Amino acid sequence: MTSVQWKNPVVRWVDSRFPVFSWLHHEYNEYPMPRNCNYLWSFGAISMVMLVTMILTGLFLAMHYTASTTTAFTSVERIMRDVNYGWLIRYVHMNGASFFFIAVYIHIFRGLYYGSYKQPREILWMIGVVIMLLMMATAFMGYVLPWGQMSFWGATVITNLFSAIPLVGEAIVTWLWGGFSVDNATLNRFFALHFVTPFVIFGVVVLHVAALHAPGVGSNNPRGIDMKGPQDAVPFNPYMTVKDSFAIVLFLIVFLGFTFYVPNYLGHPDNYIPANPLVTPPHIVPEWYFLPFYAILRAINFNVLFIDAKLGGVIAMFGAIAVLFVLPFIDRHPVRSARYRPLYRKFFWILVANVIVLGWVGAKPAEQPYVAIGQVATFWYFFHFLVILPWLNFVERPDPLPTSIAEPVLKGGGRLAAGAATAKPMEKA
Amino acid sequence: MAETVSSAPGGHGAHAGETRRDFLYLATAAAGAVGAAAVAWPFIASMNPAADTLALATIDVDLAAIQVGQSITVTWRGKPVFIRHRTAEEIATARAVPVSDLKDPQTDEARVQKAQWLVMVGICTHLGCVPGGQKTSDVKGDYSGWFCPCHGSHYDTSGRIRKGPAPTNLLVPDYRFTNDTSIRIG
Ligand code: HEM
Ligand code: FES
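Going line by line, the protein sequences match chains A and B.
Mapping the first sequence onto numbering that gives the first Met the number 0, position 290 (from 1) lands on 289, and the numbers just tick up by one.
Mapping the second sequence onto numbering that gives the first Met the number 0, position 177 (from 1) lands on 176, and the numbers just tick up by one.
None of these hints come from the bench; they were simulated from the model.
All values derive from a computational prediction rather than experimental measurement.
Among the hints, erroneous ones may be present.
[To be verified] For the chain B half of the interface with chain A, some residues (derived, Cβ under 7 Å), not all of them:
hint	residue
1	Asn47
2	Pro97
3	Leu101
4	Gly127
5	Cys128
6	Pro148
7	Pro164
[As the list claims (entries may be wrong)] Computed Cβ-Cβ distance ranges for the label pairs, DEER-style:
hint	chain 1	residue 1	chain 2	residue 2	range
8	A	Leu55	B	Leu25	45 to 51 Å
9	A	Trp348	B	Thr167	38 to 44 Å
10	A	Ala371	B	Thr167	24 to 30 Å
11	B	Pro41	A	Phe378	41 to 47 Å
12	A	Val13	B	Pro41	41 to 47 Å
13	A	Phe378	B	Thr72	36 to 42 Å
14	A	Val261	B	Ile71	41 to 47 Å
15	A	Ala61	B	Ile71	20 to 26 Å
[Claimed, not checked] For lysine-lysine, the following DSSO-like pairs were computed, each having C-alpha atoms within a straight-line distance of at most 27 Å:
hint	chain 1	residue 1	chain 2	residue 2
16	A	Lys363	B	Lys162
17	B	Lys102	B	Lys113
18	B	Lys162	B	Lys102
19	B	Lys113	B	Lys139
20	B	Lys102	B	Lys139
21	B	Lys134	B	Lys113
22	A	Lys363	B	Lys139
23	B	Lys134	A	Lys363
24	B	Lys139	B	Lys162
Positions of the beta carbon are idealized from the N, C-alpha and C atoms, including for glycine.
Make a model of the complete structure from these sequences and hints.
Take a look at the structure:
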């Protein structure tokens, strides 16, 4: 860390005792970013903005919301109708959850395409998967709070997944519920947990960024090759601060467009019917961001050896996330970026299409032909990670890699810093 | 200085001290683990059903008003309980099925106390939806009993699983007849 001579005496006094200014300067001012990163690298910053948005709107919702089966639904309606700007705060929170997932899913697929999970970023990636799991738990519990029909039945179906665990399953479900069905005790604990998990996520995000900024790690880039010196990098500020701000504004335009013009487009109308424990809606669907996983859960409708269909579905669903967790140890091909991996590139796009198919099937009723399509797509999902990727480790011959980041960038007319770069093309930092 | 004394290599009584110290380490760690578990337990247990929740666990139902071929749904422990006054025909079909045809083998006799009264928890044993079939207008599935729309489980006139992903028959709760036309569930 280069020590900075701060001009302001107060800053200098504080910094020499608690170097927070030096630290901020190091991490968000001079942090070297590869100069060739594209806008897909802005989705980390966008996700951070969404997390803060969720915490802020959630905090103000919690000032009016009451977690009780008799009043939860009406308190949310009161937020919508009577509380000043309550409609705005709630719609931002509701659509914010969706757009948070959009940002994070793009962020994840960016990592898959450019091999950002590979050495030396394995731990960074695994922390990311943990964040995704925590987000899923948070969003699931948040969706229960308005206590509509989808809230109640979604909570019932998902908590019942744990009953598939042999021997202790039923006891675990009763413990999760705090009773014999999803009820007041369940709603209360979900509210408490929904309030706290975002702050846990915040803490894990700090670890995620620490793992990124760790010495010798740093940001990946579209070429997937390491930075070889200052000619390959630009300082975070102003280059990334400005670029990320622009991306954030574009993203917010789309997000707020939904929030103001079609606030219920991504939701399900049944959630505006108060929860009724005696009547299941004919067609239960989770929120869109869970659909691919829901499709995998339902695809296993047959017994595998001694594992019955119910447990099998649960294992497959959690397995779909577990393979992401261990991905750095499955894909051991030395080349990171799909740009130089012609085979992997094709399979990547097939995987993207496959996940979209899974999402589409997840929204359909459990009937043919959807069940069969879901089974094929589930098979392919695991086949991609467990067979194709290990196979590519052996057979894929990558295209020639550029010798440095600066080289291909400058060939394409990088006039600005060209002097500096050509002067010492391969110098080590 | 204290630090150098405890870490001095080959210091006084190093050999004898090591085993004794190992034992003390282990004992401390074990006591710490037991202590941590003891602290965690009240928190974990507090999430289990509370005394008032358990106290609400029985209800009395008067069956006198239920006509043959009619069903009612009552709430017990927050769950729907289906009570059906079965027709002679329904009883006969339920009893005619060979037990070996069943996914979760159970005779109809084992599922009822009086043949005409079928009492069971109206929760699909798959993932907990409420099957249809209580109202005459409901879809009753391929076996004219109950049908769960969530993932397509079919139950027969004895509430036994016949087709679909549910692993077991609809649960028969503990209940007893308090007189000819009343039952107490729970
Ligand atoms: C990771 C961040 C978060 C996510 C993904 C998230 C997600 C959700 C979702 C999907 C809903 C249901 C919206 C609806 O259909 O009405 C919800 C509701 C709610 N959330 Fe959050 N939330 C987050 C953070 C927070 C925080 C930090 C708080 C409190 C400090 C909070 C408080 C609430 C409250 C009170 C409701 C119920 C009101 C309502 O339904 O609009 N949330 N949340
Ligand atoms: S919950 Fe009834 S079939 Fe799945």
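Do the hints match the structure? See the list:
1. Asn47: holds, 5 Å
2. Pro97: violated, 22 Å
3. Leu101: violated, 15 Å
4. Gly127: holds, 4 Å
5. Cys128: Where the cut-off is 7 Å and the nearest Cβ of chain A is about 4 Å from Cys128/B, the hint holds.
6. Pro148: Pro148/B check passes; min Cβ-Cβ to chain A is 5 Å, inside 7 Å.
7. Pro164: holds, 5 Å
8. Leu55/A x Leu25/B: 45 to 51 Å: This hint holds: roughly 49 Å between Cβ atoms.
9. Trp348/A x Thr167/B: 38 to 44 Å: holds, 43 Å
10. Ala371/A x Thr167/B: 24 to 30 Å: At roughly 26 Å between Cβ atoms, Thr167/B and Ala371/A fall inside 24 to 30 Å, so the hint holds.
11. Pro41/B x Phe378/A: 41 to 47 Å: holds, 46 Å
12. Val13/A x Pro41/B: 41 to 47 Å: Holds, at about 43 Å.
13. Phe378/A x Thr72/B: 36 to 42 Å: holds, 40 Å
14. Val261/A x Ile71/B: 41 to 47 Å: holds, 42 Å
15. Ala61/A x Ile71/B: 20 to 26 Å: Distance hint for Ala61/A, Ile71/B is violated at roughly 40 Å.
16. Lys363/A x Lys162/B: Roughly 20 Å separates the two Cα atoms, so the pair holds.
17. Lys102/B x Lys113/B: holds, 24 Å
18. Lys162/B x Lys102/B: holds, 8 Å
19. Lys113/B x Lys139/B: Holds: Lys113/B and Lys139/B sit about 23 Å apart, inside 27 Å.
20. Lys102/B x Lys139/B: holds, 19 Å
21. Lys134/B x Lys113/B: With a Cα-Cα distance of about 22 Å, the restraint between Lys134/B and Lys113/B holds, given a limit of 27 Å.
22. Lys363/A x Lys139/B: holds, 21 Å
23. Lys134/B x Lys363/A: Holds: Lys134/B and Lys363/A sit about 26 Å apart, inside 27 Å.
24. Lys139/B x Lys162/B: holds, 12 Å
Violated hints, listed in ascending order, are 2, 3 and 15; each of the other numbered hints is respected by the structure.
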